[in-house]
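> Please take these sequences and the hints and turn them into a complete structure.
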Amino acid sequence: MSQAELKSFGKPDEVREFPYGRLELIRIGNATIGRAIFEPGWRWSTSVQPIARTASCEAPHFQYHVSGVLGIRMDDGTELEGHPGDVSLLPSGHDAWVVGLEPAVVVDFQGMIDYAKGKV
1 MSQAELKSFG KPDEVREFPY GRLELIRIGN ATIGRAIFEP GWRWSTSVQP IARTASCEAP
61 HFQYHVSGVL GIRMDDGTEL EGHPGDVSLL PSGHDAWVVG LEPAVVVDFQ GMIDYAKGKV
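Position one of the sequence shown corresponds to residue 1 (the working numbering), numbered consecutively onward.
Honestly, the hints are just simulated from the structure, not real lab data. Mixed in with the good hints there might be a few duds.
[Unchecked claim] In silico lysine to aspartate or glutamate, EDC-like type, Cα no more than 20 Å apart, as pairs:
hint : residue 1 : residue 2
1    : Lys117    : Glu14
2    : Lys117    : Glu17
3    : Lys117    : Asp95
4    : Lys117    : Asp13
5    : Lys117    : Glu39
6    : Lys117    : Glu58
[Unchecked claim] Derived DEER-like restraints, expressed as beta-carbon distance ranges:
hint : residue 1 : residue 2 : range
7    : Thr54     : Glu17     : 15 to 21 Å
8    : Glu58     : Gly10     : 26 to 32 Å
9    : Pro91     : Lys117    : 26 to 32 Å
10   : Lys7      : Leu80     : 28 to 34 Å
11   : Asp76     : Leu6      : 38 to 44 Å
12   : Leu101    : Ser45     : 25 to 31 Å
Cβ atoms here follow ideal geometry from the backbone N, Cα and C, with glycine treated the same way.
This is the structure we're talking about:
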């Protein structure tokens, strides 16, 4: 790192929209950080799976849960619920959905580079 940097999700470098949600990406230093906003009704398997074209989410995530509640089911059957203030580490192979009527917002430090981008 040769110089200090400051960026804001108020002016993301890239925005990807999908049914019931959006992903805002910031590129800073050698990292890509994503803020995902999932609206009530969002579920990975119905909102993003048609874009990703994989059986389950293959992106690993290291994320901070800002608001709302995110339900998560790993392919091995393990279930988790991410609440505001939680930090989750999810390997590839999961589904997720919004629990309740409040949008779920997460900041992800690992798995958003290709998220909701589709296969080429």
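> So, for every hint listed, does it hold in this structure?
Hints versus structure:
The suggested pairing of Lys117 with Glu14 holds, with an alpha-carbon distance near 11 Å, which does not exceed 20 Å. Note on Lys117 and Glu17: the hinted pairing holds, with a Cα-Cα distance of about 10 Å set against a maximum of 20 Å. A C-alpha spacing of about 17 Å is found between Lys117 and Asp95, which places the hinted pair at or below 20 Å, so the restraint holds. For a cut-off of 20 Å, the pair hint linking Lys117 to Asp13 stands: about 15 Å separates their Cα positions.
Simply put, Lys117 and Glu39 have alpha-carbon atoms about 19 Å apart, close enough for the 20 Å limit, and the pair holds. Restraint check for Lys117 and Glu58: satisfied, since their Cα atoms lie roughly 12 Å apart, inside the 20 Å limit. Range check, Thr54 to Glu17: about 19 Å between beta-carbon atoms, so the 15 to 21 Å window is met. For Glu58 and Gly10, the hinted distance range of 26 to 32 Å is satisfied, since their beta carbons lie about 30 Å from each other.
Evaluation of the 26 to 32 Å hint for Pro91 and Lys117 yields a failure: the beta carbon distance comes to about 19 Å. Checking the proposed 28 to 34 Å range against Lys7 and Leu80 shows it holds: the Cβ atoms sit about 29 Å from each other. Between Asp76 and Leu6 the Cβ separation comes to about 40 Å, which falls inside the hinted range of 38 to 44 Å. Take Leu101 and Ser45: their Cβ atoms lie about 20 Å apart, and the range 25 to 31 Å is violated.
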